[in-house]
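Undergrad: Listed here are the chains, written in short residue letters.
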Amino acid sequence: MRKTPALLLVLTVGLVALFAAGCARKATEAPPTPPPAPPVVQPVTPEPTPVPVPETPVPVPSVTAGDFTDVFFDLDSYTLRDDAKLALDRAAKLLRDKANVNITLEGHCDERGTVEYNQALGEKRANAARDYLVNAGVSAARIQSLSYGKERPFAEGHDESAWAQNRRAHFVLR
Amino acid sequence: MKRLALVLLLTVVAVPGAHAQTREVRIDIAGGGRRTQLYCEAFTAGRLPAGAPEARQADEVLANDLEQSAVFLVSRAWAGQPPFDVQAVSGGRWKVSGGQATLEGEVRDFPARRPILSKVYRGPAADWRSLVHQFADDIVLQFTGESGVAGTRIAFIAIEGRNKELWVMDLDGAGARPLTRDRSIALSPSWSPDGSLLAFSTYRDGGSPRVYVVPAAGGKLYPVSVRSGLNTSPAYSPDGRELACTLSKDGNSEIYVLDARGGSPQRLTDNRAIDTSPCWSPTGREIAFTSDRSGSPQVYVMNRDGGNVRRLTYEVGYTDSPAWSPRGDLVAFVSRTPAGFDVYVCGADGTNARLVVSGGSNENPRWSPDGRHLVFASNREGPYALFISDLDGRPPRKLDTGGRTAMSPSWSPSASRTAVAVPTNAPNSNPGGRP
Numbered sequence: 001m002r003k004t005p006a007l008l009l010v011l012t013v014g015l016v017a018l019f020a021a022g023c024a025r026k027a028t029e030a031p032p033t034p035p036p037a038p039p040v041v042q043p044v045t046p047e048p049t050p051v052p053v054p055e056t057p058v059p060v061p062s063v064t065a066g067d068f069t070d071v072f073f074d075l076d077s078y079t080l081r082d083d084a085k086l087a088l089d090r091a092a093k094l095l096r097d098k099a100n101v102n103i104t105l106e107g108h109c110d111e112r113g114t115v116e117y118n119q120a121l122g123e124k125r126a127n128a129a130r131d132y133l134v135n136a137g138v139s140a141a142r143i144q145s146l147s148y149g150k151e152r153p154f155a156e157g158h159d160e161s162a163w164a165q166n167r168r169a170h171f172v173l174r
Numbered sequence: 175m176k177r178l179a180l181v182l183l184l185t186v187v188a189v190p191g192a193h194a195q196t197r198e199v200r201i202d203i204a205g206g207g208r209r210t211q212l213y214c215e216a217f218t219a220g221r222l223p224a225g226a227p228e229a230r231q232a233d234e235v236l237a238n239d240l241e242q243s244a245v246f247l248v249s250r251a252w253a254g255q256p257p258f259d260v261q262a263v264s265g266g267r268w269k270v271s272g273g274q275a276t277l278e279g280e281v282r283d284f285p286a287r288r289p290i291l292s293k294v295y296r297g298p299a300a301d302w303r304s305l306v307h308q309f310a311d312d313i314v315l316q317f318t319g320e321s322g323v324a325g326t327r328i329a330f331i332a333i334e335g336r337n338k339e340l341w342v343m344d345l346d347g348a349g350a351r352p353l354t355r356d357r358s359i360a361l362s363p364s365w366s367p368d369g370s371l372l373a374f375s376t377y378r379d380g381g382s383p384r385v386y387v388v389p390a391a392g393g394k395l396y397p398v399s400v401r402s403g404l405n406t407s408p409a410y411s412p413d414g415r416e417l418a419c420t421l422s423k424d425g426n427s428e429i430y431v432l433d434a435r436g437g438s439p440q441r442l443t444d445n446r447a448i449d450t451s452p453c454w455s456p457t458g459r460e461i462a463f464t465s466d467r468s469g470s471p472q473v474y475v476m477n478r479d480g481g482n483v484r485r486l487t488y489e490v491g492y493t494d495s496p497a498w499s500p501r502g503d504l505v506a507f508v509s510r511t512p513a514g515f516d517v518y519v520c521g522a523d524g525t526n527a528r529l530v531v532s533g534g535s536n537e538n539p540r541w542s543p544d545g546r547h548l549v550f551a552s553n554r555e556g557p558y559a560l561f562i563s564d565l566d567g568r569p570p571r572k573l574d575t576g577g578r579t580a581m582s583p584s585w586s587p588s589a590s591r592t593a594v595a596v597p598t599n600a601p602n603s604n605p606g607g608r609p
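If you're matching them up, the sequences are chains D and P in order. Going by this note's numbering, the first residue of the first sequence is number 1, and it counts up by one from there. Going by this note's numbering, the first residue of the second sequence is number 175, and it counts up by one from there.
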């Protein structure tokens with residue numbers, strides 16, 4: 001009889017962990033696909049308020065991959081555009097506020113380049129985004145970078161709009 | 175030893191005309207030389223055991239090999255009369271018994287029908303195709319002074335949905351089989367110079383790509399470079415003792431040379447730009463690679479120690495994917511176009527760049543071991559497939575990958591000879607059977 005509350009607690013923690021894992025995976029598999037914003041200067045939007053979580057005995061991460069905006073690049077470039085810096089400024093704030101969140105930055109390229117060159121280019125993109133976050137006060141230890149080159153395109157088309165979608169540094173929570 | 179000496183002696187005696195002919199018909203690949211008109215007569219065969227490879231199958235394998243050699247214009251006796259300008263005739267006898275296949279191959283000039291080449295090939299019936307390939311390669315040797323490539327293999331990357339697996343097949347498409355089943359992304363295969371191993375880059379462990387090696391005959395793969403960051407673009411040195419590859423363990427993609435087991439990395443480039451796609455000269459003294467240090471990707475050449483870096487060519491812009499010819503005199507590379515890439519070839523000193531393949535996107539050119547052909551991946555006919563250019567202005571030929579979408583081909587070194595080959599006059603042969 002005395003064991004019941006402990007058992008309940010274990011079950012609750014387990015369920016919450018499962019729920020959180022599900023969220024993270026879903027976010028990884030279904031990345032946001034905003035079009036590459038033209039470099040229009042926008043006011044920095046306030047941080048999205050965390051979704052209220054029902055009362056549970058353990059805290060759950062209040063940040064999802066959907067809270068991050070991927071960073072887009074020009075052809076053959078790993079230079080951060082103005083829209084990329086805005087996205088990274090928001091990401092840096094999120095990461096500073098939520099010290100328990102670690103991320104992987106995936107570098108991706110469009111199909112116009114060789115396999116091997118694009119692997120290197122994708123890494124340059126991921127590292128450019130990582131370095132910006134580190135300069136904005138995020139610990140380098142919380143960021144992994146990884147390049148998929150042109151191997152994992154977000155858009156399958158063979159035109160400028162697909163290419164623009166595929167030149168990015170993509171946020172994944174881990 | 176006595177028998178070997180006898181065999182060598184007989185070889186010389188048996189084909190005196192061959193050496194005299196060799197120079198006369200040597201093929202000039204740079205000039206896209208004339209092809210010799212060869213008429214393939216069907217192999218004669220006695221009664222074959224049930225299920226044994228038929229002579230007609232061997233006929234077709236040989237005719238196809240000779241056609242693909244780019245040395246011959248082939249006509250088939252089983253498809254019609256010989257053209258008026260036939261210069262040589264191939265044929266022979268085909269036997270299968272006791273699990274052994276025997277090919278008594280012959281080539282004669284035409285119309286005099288004096289013997290040019292006469293050899294017996296014997297091996298396991300299960301491996302009968304390689305007997306025919308060896309005969310084809312010897313015919314090419316006889317006419318050009320250099321063995322053909324019919325017995326070689328092609329490694330390639332098969333695209334299976336979102337995954338890419340490493341495959342290997344015979345040059346003619348037979349025997350295709352996967353070497354990885356990782357449901358991951360395998361890339362950039364490179365043959366060891368003895369043809370026994372393939373190094374490649376893979377995402378199989380999750381995280382960044384790593385360099386693995388797999389036996390070309392199939393078997394267990396093992397890691398050779400699992401350093402943090404990129405481990406990509408492996409290339410065996412001509413002596414097989416080293417692997418050049420791209421690593422970013424020090425923060426940026428640079429070219430390193432590792433020993434063949436992946437140890438003792440020596441860094442060759444030191445540049446904030448991208449450096450990748452190393453490729454050895456056949457002497458091992460130089461390495462060509464791609465760098466965007468000038469702002470866009472270009473092929474450069476450096477000495478083996480990383481010194482004396484110079485841009486390969488100024489005649490073409492945005493170049494990548496260098497491949498040094500086995501003779502050392504040429505470098506193939508790709509150059510970007512609105513549609514993707516075209517394939518070019520230039521001298522090793524960067525001069526005389528000429529377009530050899532265009533139309534669609536044409537990527538990852540790799541030389542045949544005889545330097546007579548380039549294999550590359552192209553979407554010129556639809557989904558990516560493998561093609562061969564004979565560098566003579568003729569349209570590229572599509573390789574048979576069994577309908578698989580394929581990229582990143584790599585041509586094996588020359589075939590190692592497994593079957594016994596002896597001149598027809600040796601014991602167990604049938605000289606009387608020759609027409």
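Any given hint might turn out to be false.
So these bits of chain D aren't anywhere near chain P, every CB distance computed over 10 Å [claimed, not checked]:
| hint | residue |
| --- | --- |
| 1 | SER62 |
| 2 | VAL101 |
| 3 | ARG152 |
Computed footprint of chain P on chain D; a stretch qualifies when at least three of its residues, placed anywhere within it, have a C-beta under 8 Å from a C-beta of chain P [stated by the list, open to error]:
| hint | region |
| --- | --- |
| 4 | 82–92 |
| 5 | 121–134 |
| 6 | 141–151 |
Rather than coming from a laboratory, the hints here were simulated on the basis of the structure. Where a beta carbon is used, it is the ideal one built from N, C-alpha and C, also for glycine.
Undergrad: Any of the earlier hints contradicted here, and which numbers?
TA: 3, 4
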